[in-house]
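So the sequence lines, in the order shown, correspond to chains G and L. Using this note's numbering, the first residue of the first sequence is number 1, and each one after it goes up by one. Using this note's numbering, the first residue of the second sequence is number 346, and each one after it goes up by one.
One thing to keep in mind: the hints can contain errors.
Interface residues of chain L toward chain G, partial, derived using beta-carbon atoms under 8 Å [to be verified]:
no., residue
1, Leu-439
2, Pro-441
3, Leu-468
4, Leu-478
Because the hints were derived from the structure by calculation, they are not lab data. Every residue, glycine too, gets a C-beta built ideally from N, C-alpha and C.
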Amino acid sequence: MRPLTFRRVFLQCSLLLVILFFVVVVALKFGAVPVSLYALGRDLLRVLFGQSSQISTDYGLIIVNIRLPRILLGILVGASLSVAGTSFQALLRNPLADPYVLGVSSGAALGAIVALIAEPHLTLSPAFSALLTPLGAFLGAAATITAVYFLGRREGQIDSATLLLGGVITASFLSAIIMFLMNTLTGNLRGLSFWLMGDLSTPLQKNLYWFLGLGFFVAAGAIYTTANDLNLLLAGEKEAMHLGVDVPRVRLVVYIAASLLTGLAVSVSGAIGYVGLIVPHAMRLIFGSDHRVLLPTAALGGAIAVVFADTLARTVVAPSELAVGAVTAVVGAPLFIYLLRRRLT
Amino acid sequence: MSTSALPRNPGEAARSSGDVRLSVEQVSYAYSANPSQAPLFTLETTSFQAKPGEIVAILGPNASGKSTLLNLIVGALEPLSGRILLDGFVTHSLPPRTRAQRIAMVQQESRLLFPARVWEFVLQGRHSRGRSLRFESEDDVRIAENALAQVGAADLGNRWMNQISGGEKQRVILARALAQQPLLLLLDEPTLHLDIAAQVGLLDSLRRLAGENRYTVVVVTHELNLAAEYADQVVLMQRGRCLRVGPPATIYQRELLEQVFQTPLSVEVRASGRPRVTVLSGT
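The shape of chain G in the complex, shown without the other chains (with noise of 0.2 Å):
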């Protein structure tokens, strides 16, 4: 017997970190325009030291403003629907769930677009106002998953089929909703490639950053204190209720956490798909299942697999750029088709 120890999930999570200092490194120095080592690293050691108004050339203004905002951007995003898709498939007994598949990053994308168009309408104090789509996204994704949840069951059990069934066709009706409000209203709600498909091309307002930063480490961190739990309850909340799981609690602390995670990361990127999918998968064959090592390593990959894949989506057609939903559709659906083929037989 070799229980899971703190001592190998921090070694583990360090060895992701390492991973994904280095796909940082490799996000800053490549783009449309090729920047050298020696240069990102002086620009970069200057903003450490918090000397930034030295930095004088074109080059260092490239990467301080626009790729690190978007690497950050990028690891915030991918840590969430990383660890919100692990918190689902763990809650629904189901590998294939993932805010995506299950329409739950659409819900967020309706709620933040009935937000940025309620906006205007509401007298609120700048401060609020600027949290208002992503509260939206939130309760756009809560509802989703509700919906989703009841959908899926049959006779009081979640069934597998009729849970991925009634996610997809949650996510297209959203989708279809999300088309006609963006072609009979305007005003500033982005593009409909944004919400549909997900892009980290637009920076933030830089209070928004800590905001998204504040509110990763609450809901993970509320998901990871029932990491034990959620181990469990992949046996059955009936089972995990005679092993002394209070499922109820559990249940409505992870959906409310995950909820947010999805709508923290699809109000400020769109909805971007299949993250919390491979991502989680990925991680469970190296580190196996137990969710006090697969939450945190979730976390740290989903950030390394949309900071990679946003790099890719800037670089194969430079100067022009890909949505970053495309590259992870690109990689994610065919897996996902792998996955269900190899469940059902």
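Using the hints provided, position chain L relative to the given structure of chain G.
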């Protein structure tokens, strides 16, 4: 048919000491899909008591209310009337964690979503003994290893759960329940998917464990002869009614069993004092 004719009865000492561990008091229950309609199934008033080290068999044909009674005892269902006490506490009111420290439930199957090793599975039994977010201690590992050894499965530890036989799996599920270190061990049709040797093996270990660890064991079964051989008390159920409670020797009367199980049979008493039933098909 005196009780002294049951020489290998581990409940004997407990019975004389007189302490009651599990007390099912005038419990009833009704299932209904819609509260305004008549219930689909009712469990009529049922009472029995069990002491540490005792094995109770809840016996009856399909749809007799056995599993409902088990779910009431474990506290998953709330009785319509009456109460169920474990060492003086109402089982339904216990918080999930406390309940899992005192009651372990062994179900027929355990389906896993992702592959797990046997030792990981057995360690799940320690969940209720600590905070939710924690790593297993050396004590937990020792207790889990001991639990595997107690069911004769020490060598299975490193195998994968989906690569062991049905009988091995049933023993591993029992080991996880033992790792909970409960006062009350509940088993729902534990012998359902097992061949005869595995059935006898499982029930022999149950009887030994009940004696050694002073568990109170409640087994739901429809296997007449296994209940006769291993139970100290039998609770005989039929269509939601508890017909009789008592030692097998007093419950196993031909006419009563024929009426409950709706089939002709004969009952003989063996040298051990325990009855044996033969089903007389085609007569």
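Interface hint check: Pro-441(L), Cβ to nearest Cβ on chain G, cutoff 8 Å. Holds or violated?
5 Å, holds
Hint status (Cβ of Leu-468(L) to nearest Cβ of chain G, threshold 8 Å)
Check passed: Cβ of Leu-468(L) comes within 6 Å of chain G, closer than 8 Å.
Status of the Leu-439(L) interface restraint (C-beta, 8 Å, chain G):
10 Å, violated
Given Leu-478(L) as an interface hint, is its Cβ closer than 8 Å to any Cβ of chain G?
5 Å, holds
Hint 1 from the earlier list is the only one contradicted by this structure; the remaining hints agree with it.
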